[in-house]
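> Chain residues, written in single-letter form:
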Amino acid sequence: MTNYEVKLQQFAGPLGKLLELIEAKQLEITAISLAEVTGDFLRYVKSLQTTAPSIIADFLVVAAKLVLIKSKVLLPMLELSKEEEEEILDLESRLKIYREFKAASEHIKQLWGKNWRSLSRPFLYSLGEHFFFYPPEHLKLSDLTRAINDLAVTLKALLPEEQKVRIAVVTIEQKMEELLNRFKEAGRQSFQSMSGQKTRTEVIVLFLAILHLLKDRVIQVEQGSQFSDIMIDKGAPPATAISNQ
Amino acid sequence: MDSSKNLSAKIEALLFIYGEPLSLQKIAKTLEVSEEAVAEALQALETTLTGEDRGLFLVHDQEKVQLTTKPDFGALLETIMKEELRENLTPAALETLSIVAYAGPMTRAEIDYIRGVNSSFSLRNLSIRGLVERYPDPKRGNVYLYNPSFDLLKFLGVAKVEDLPEFERFHQLIEKLRHPEEKSVEETSKEANAPGTQ
Amino acid sequence: MDSSKNLSAKIEALLFIYGEPLSLQKIAKTLEVSEEAVAEALQALETTLTGEDRGLFLVHDQEKVQLTTKPDFGALLETIMKEELRENLTPAALETLSIVAYAGPMTRAEIDYIRGVNSSFSLRNLSIRGLVERYPDPKRGNVYLYNPSFDLLKFLGVAKVEDLPEFERFHQLIEKLRHPEEKSVEETSKEANAPGTQ
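Protein chains in written order, with the numbering used here: chain A, 165 to 409; chain B, 1306 to 1503; chain C, 1306 to 1503.
Take these hints with a grain of salt, some might be off.
The list that follows gives simulated cross-link-like pairs (lysine to aspartate or glutamate, EDC-like), each with its CA atoms no further than 20 Å apart [stated by the list, open to error]:
#1 A:K320 - C:E1389
#2 A:K278 - B:D1377
#3 A:K278 - B:E1383
#4 A:K246 - A:E386
#5 A:K236 - A:D254
#6 B:K1444 - B:E1415
#7 C:K1387 - A:E251
#8 B:K1481 - B:E1415
#9 A:K278 - B:E1415
#10 A:K304 - C:E1389
#11 A:K236 - A:E247
Since the hints were made in silico from the structure, they are not lab data.
Construct the entire structure; sequences and hints are all you get.
Here's what the structure looks like:
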């Protein structure tokens, strides 16, 4: 394990972070409360972007689902496909399962810290260190070479896997960048009209982009009443800005 | 003379010599008795070992058994034998280890699903430390199954995974996950009221 | 709770783990009791061990005592040895042996890292069969280095490790993976300020 990998071990996963945010607000696991912590979660993901790019992919998957949930809560008129509805439910139930296992890991943590431990004897301990030469009858030189070659193949196969993750991350980041640029050029826009014909992924990335730009004060947004359409302006002074709660 | 008591004695001697976990099958073969007789004698041995004047303990999984010291003496023996100090578990390692302990054998994909994150580094780390064991899934080539190791059971001071706190509850939770069609009534009704469901 | 029964149990556990003969004096000091108490508890232990269902035995002279198997079971060790040694190497043992052969001398930790699994059992197995040799690392106390044994090379018909097929290629590959911590310095410094790091 490299130091780099060891560092990654210190991060709670996306579900852990999400649960932490929900529990900090003493909320139940529902779509409404997921929407409520979306902003906090995105802020956390953003802080990861600069520090631990290789674990961000897992966080972005969850972030995308959260944004979908938040979109639905803010814009009830947003039609979701059956698949999307299921995804929302899936995140909820996974979070519940995760919470259960959190309790299991408390048990393990306690036992681990207890100094309560069984010890065993090494293999054929009574032989001590006095060994003889007992080669396996059929052991050949080619067996050793085959074993090391198989190992080499496995080790090489492991390398590209790590690279793939990084490429995937870059792709998502690039997409966001593109959308951000389009925003900078356009004037006042309606979220509904922008998201109307888009695929689910595009809507999510769009929303993600809006939240980011809002936070960076590149844009201003305005929503007349709850659940009404969101209007987006470039650089104008704040009217009724939605905080990314 | 080859009474069941004598078989318990032989098994104790065999496990003492071997040191490592030994399968019931191999014990039966070595001692030239049936596996049923071995299982019965092991049960008797386990009962005797609970005696206050006994310092030994049996750790076992479905197929293997190992003779160890009683967990009560862990701190004492650790100091005397200058055992390597146990390293702390990182949050990721603890999370992964708990899932494997309560729900193994499991594939990495299943562990990833519960954790919502790629677990290959954690599993590799735990595997290097000898806390989880992996073996190829007999049903699928190229897929590994992860199980708690004997070293983990010994570290935690339990005789078997079933002795972990609330084992039954977590085990059933996993079974339900694997067969989601048999959802409980309670869960179904809760989901029916969830927003966004039509 | 520190009854005489409990002392017998502690002594049994201690002798089990220690393996070698241990003096009464040392036992007394380790367990922080008087030598008389130890002698008494040993007597009790010896009596229990005469039970028909017990496979262990106390061997002692005037001052030292050791836990072993009952003399009746003396042949067991030989039986197991023969069975173990007749068997071919497991894939795990063969993999470990090939790493030691192509890249030794190596520490257990390095072998574990390359294999991604714990290698203690495989290394002990290979040592017992005389296929690998270990010696203390002159640079670090308490750490062993593993090498292929001279007997193994002779058995395989090579004069030195460099004569193994494709030695250079595989040797280089393992060397490259050997000191992973040095390679990731740059990446690590980037991680240093990561949030959520404890």
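> Each hint should be assessed against the structure and marked as holding or not.
Verification of the hints:
no.: 1; hint: A:K320 - C:E1389; verdict: violated (33 Å)
no.: 2; hint: A:K278 - B:D1377; verdict: holds (10 Å)
no.: 3; hint: A:K278 - B:E1383; verdict: holds (13 Å)
no.: 4; hint: A:K246 - A:E386; verdict: violated (29 Å)
no.: 5; hint: A:K236 - A:D254; verdict: holds (15 Å)
no.: 6; hint: B:K1444 - B:E1415; verdict: holds (16 Å)
no.: 7; hint: C:K1387 - A:E251; verdict: violated (59 Å)
no.: 8; hint: B:K1481 - B:E1415; verdict: holds (13 Å)
no.: 9; hint: A:K278 - B:E1415; verdict: violated (29 Å)
no.: 10; hint: A:K304 - C:E1389; verdict: holds (19 Å)
no.: 11; hint: A:K236 - A:E247; verdict: holds (14 Å)
Checked against the numbered hints above, the structure violates hints 1, 4, 7 and 9; every other hint is satisfied.
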